[in-house]
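Chain by chain, the residues:
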Amino acid sequence: MGEKRPRSFYVLAAFFAAYVLFLYGPMIAIYILSFQGPDGGLTFPMNGVSLVWFSKLFAGTGIVDIGAAFKRSLKLGLVVMVLTVIISVSAGMAFRKSFRGASFLFYVAIASLIMPSIITSLGIALEFRLLDDFAIQHGVEGWTTAMGLFTSGLGAHLTWTLPFGLLIMFAIFNRFDGRLEEAARDLGATPWQTFRHVVLPIILPSVVGIGLFGFTLSWDELARSSQAIGSVNTLPLELQGLTTTVTKPDIYALGTLTSAVSFLVIFLALIVILVLQARQRRHGSDAGKGLV
Amino acid sequence: MVQDRKSFVAWLQSVPMLLVFASFFLLPMLLVTIVSAWDYNEYEMIPAFSLRGYTDTFEGCIAGLPDLCTILKTYLNTLKLCLLTWSLTLLIGFTVAYFLAFHVRSKTWQIVLTLLCTIPFWTSNVIRMIAWIPLLGRNGLVNKGLLGTGLVQHPVEWLLYSEFSVVLALVHLFTFFMVVPIFNSLIRIDKRLIEAAYDAGASGWQTLVNVVIPLAKPGIVIGSIFVITIVMGDFVTIGVMGGGQIASAGKIIETRLNALQFPAAAANAVILLGVTIMIIAALTRVVDIRKEL
Chain A
1 MGEKRPRSFY VLAAFFAAYV LFLYGPMIAI YILSFQGPDG GLTFPMNGVS LVWFSKLFAG
61 TGIVDIGAAF KRSLKLGLVV MVLTVIISVS AGMAFRKSFR GASFLFYVAI ASLIMPSIIT
121 SLGIALEFRL LDDFAIQHGV EGWTTAMGLF TSGLGAHLTW TLPFGLLIMF AIFNRFDGRL
181 EEAARDLGAT PWQTFRHVVL PIILPSVVGI GLFGFTLSWD ELARSSQAIG SVNTLPLELQ
241 GLTTTVTKPD IYALGTLTSA VSFLVIFLAL IVILVLQARQ RRHGSDAGKG LV
Chain B
1 MVQDRKSFVA WLQSVPMLLV FASFFLLPML LVTIVSAWDY NEYEMIPAFS LRGYTDTFEG
61 CIAGLPDLCT ILKTYLNTLK LCLLTWSLTL LIGFTVAYFL AFHVRSKTWQ IVLTLLCTIP
121 FWTSNVIRMI AWIPLLGRNG LVNKGLLGTG LVQHPVEWLL YSEFSVVLAL VHLFTFFMVV
181 PIFNSLIRID KRLIEAAYDA GASGWQTLVN VVIPLAKPGI VIGSIFVITI VMGDFVTIGV
241 MGGGQIASAG KIIETRLNAL QFPAAAANAV ILLGVTIMII AALTRVVDIR KEL
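Chains A and B are the protein sequences, given in the same order.
Residues 1 to 292 in my numbering are what the first sequence spells out, letter by letter.
Residues 1 to 293 in my numbering are what the second sequence spells out, letter by letter.
Honestly, the hints are just simulated from the structure, not real lab data.
Fair warning: there could be bad hints in the mix.
[Claimed, not checked] Capping the alpha-carbon separation at 16 Å, the derived lysine to aspartate or glutamate pairs in EDC-like fashion look like this:
#1 Lys217(B) to Asp190(B)
#2 Lys97(A) to Glu182(A)
#3 Lys97(A) to Glu181(A)
#4 Lys56(A) to Asp39(A)
#5 Lys97(A) to Asp4(B)
#6 Lys97(A) to Asp177(A)
#7 Lys6(B) to Glu182(A)
#8 Lys6(B) to Glu181(A)
#9 Lys73(B) to Glu163(B)
In this text the structure is predicted, and so the values were computed from the model without any measurement.
From just these sequences and the hints, can you work out the full model?
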């Protein structure tokens with residue numbers, strides 16, 4: 001420290017600042033514009049300041065039933081979050097030992113991650129359509145469709161969130177000291193006790209991170225849901241539909257509200273992660289303290 | 001025995017993930033491949049072998065020569081958008097990652113700045129697209145600024161709902177996918193190698209080209225694969241930012257699906273996948289060849 005910075009530092013720092021401005025600038029513009037006055041339009045200048053467009057959203061007048069889409073997306077996001085955490089942690093633990101098909105599962109996860117979303121979406125839509133056709137042909141009583149938010153929609157979201165969850169688990173266990181588990185085992189802990197009292201507390205901050213990815217990726221997911229969600233829409237799909245029809249700032253108000261949820265979740269997750277890490281530091285190691 | 005039991009437990013732990021991928025990824029991909037070779041009419045698919053999905057897609061391609069048919073034009077255009085987005089995200093992503101990895105010295109700042117780049121990734125893509133409208137529209141800030149300074153007499157029309165805005169939005173949305181893997185590669189570079197290059201008399205530029213970039217190659221390739229697959233299959237960004245005027249490989253599939261022509265959509269998906277895999281294969285090969293030299 002204290003050493004003089006080279007000139008390239010200032011050039012690159014300016015570049016980085018410009019990049020951050022590029023990332024956030026446009027978003028901030030619509031957050032400001034969502035507080036347009038009642039006569040305001042889609043662009044600057046601000047024509048007064050008001051909450052008119054937000055109250056319009058909540059009143060449910062004007063555009064489609066946003067409240068319902070909001071609740072649907074929230075519910076789906078929470079389910080995706082919980083499943084992503086459980087399935088990823090479980091699979092992450094599996095990858096620490098060797099099992100048949102480990103590399104196969106890994107490559108499938110990567111393929112699912114980089115597969116163009118429209119193809120995954122098409123595949124799931126096709127799968128459910130064929131299932132429906134089959135069920136109807138074979139006279140299943142009262143069958144209409146198996147497609148829906150918590151069947152095909154949930155599956156589509158998991159193909160997107162699980163690869164991220166698995167990669168985060170890999171990152172965690174790359175830095176994990178396996179001797180801790182051996183020590184627990186030597187002290188007579190069962191595998192479950194080892195996981196519950198040794199492994200889980202250590203990886204918990206990153207597991208919260210997996211939850212954060214699970215929720216936010218699902219909350220904002222659009223391309224994979226587009227064909228595979230069935231008759232009802234999630235919030236991002238409603239938003240996309242609105243881009244072509246809306247000429248009033250309601251769409252910005254909706255955008256601001258949607259982002260507010262994202263930011264709230266990010267904020268909460270980061271707080272929890274920081275608290276957990278602080279607690280780990282406090283209780284973490286008693287090395288060098290001698291025998292108590 | 002113990003070993004067997006351990007690996008059985010591990011297998012059990014991996015089953016939930018395997019089941020999800022089997023039912024929502026592998027089986028759907030298999031069905032896409034099978035249905036792409038089915039027949040269809042205006043309103044339903046017919047489970048009989050037919051290559052109509054493919055022949056319809058390439059209709060007029062040979063008869064129309066030397067003019068390019070719609071499908072080839074669309075793919076060329078998608079490739080062009082892809083190439084533009086790729087080069088811009090690579091340039092910006094590498095520079096940002098380089099700054100984060102080599103110039104930010106304290107760990108805390110590194111985490112804070114990385115988070116700053118990551119947070120938009122956790123917010124909605126559609127909102128990040130809409131966000132350009134008040135800036136680039138006919139009466140947007142950019143046009144007002146240009147008119148105000150007298151640089152132009154009439155509002156610039158190509159700022160929004162054009163290929164320009166599509167590429168801008170794609171770069172805006174997906175540079176993150178370059179930053180993370182490249183940062184990951186850069187952070188692992190042994191700093192002593194750079195010192196050694198410096199001691200041996202290499203200039204900053206020479207160090208970058210001969211030491212840093214070759215060592216960052218895995219990150220560059222991973223980032224490139226992300227960006228290329230996303231852009232090749234994109235239909236949302238192109239739809240919203242292109243104002244419905246620009247065709248792309250992903251949009252063809254969407255259009256076919258909206259017309260309920262599943263076999264045709266599936267045939268297009270297979271073609272898209274084939275092209276994407278070829279690009280990825282070429283990319284990894286180019287990198288490997290350079291490694292050999």
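Here's how the hints hold up against the structure:
This hinted pair checks out: Lys217(B) and Asp190(B) have alpha carbons roughly 15 Å apart, not beyond 16 Å. Only pairs whose Cα atoms come within 16 Å are accepted, and Lys97(A) paired with Glu182(A) is accepted, the gap being roughly 13 Å. Between Lys97(A) and Glu181(A) the CA atoms are separated by roughly 13 Å; this keeps the pair inside 16 Å, and the hint holds. Of the supplied pair hints, the one linking Lys56(A) and Asp39(A) holds, its CA atoms being roughly 14 Å apart against a limit of 16 Å.
Among the hinted pairs, Lys97(A) with Asp4(B) is consistent with the structure: their alpha-carbon atoms are about 11 Å apart, no more than 16 Å. For a cut-off of 16 Å, the pair hint linking Lys97(A) to Asp177(A) stands: about 14 Å separates their Cα positions. A C-alpha spacing of about 14 Å is found between Lys6(B) and Glu182(A), which places the hinted pair at or below 16 Å, so the restraint holds. The suggested pairing of Lys6(B) with Glu181(A) holds, with an alpha-carbon distance near 14 Å, which does not exceed 16 Å.
A threshold of 16 Å between alpha carbons decides the hint, and for Lys73(B) with Glu163(B) the separation of about 15 Å falls inside it, so the pair holds.
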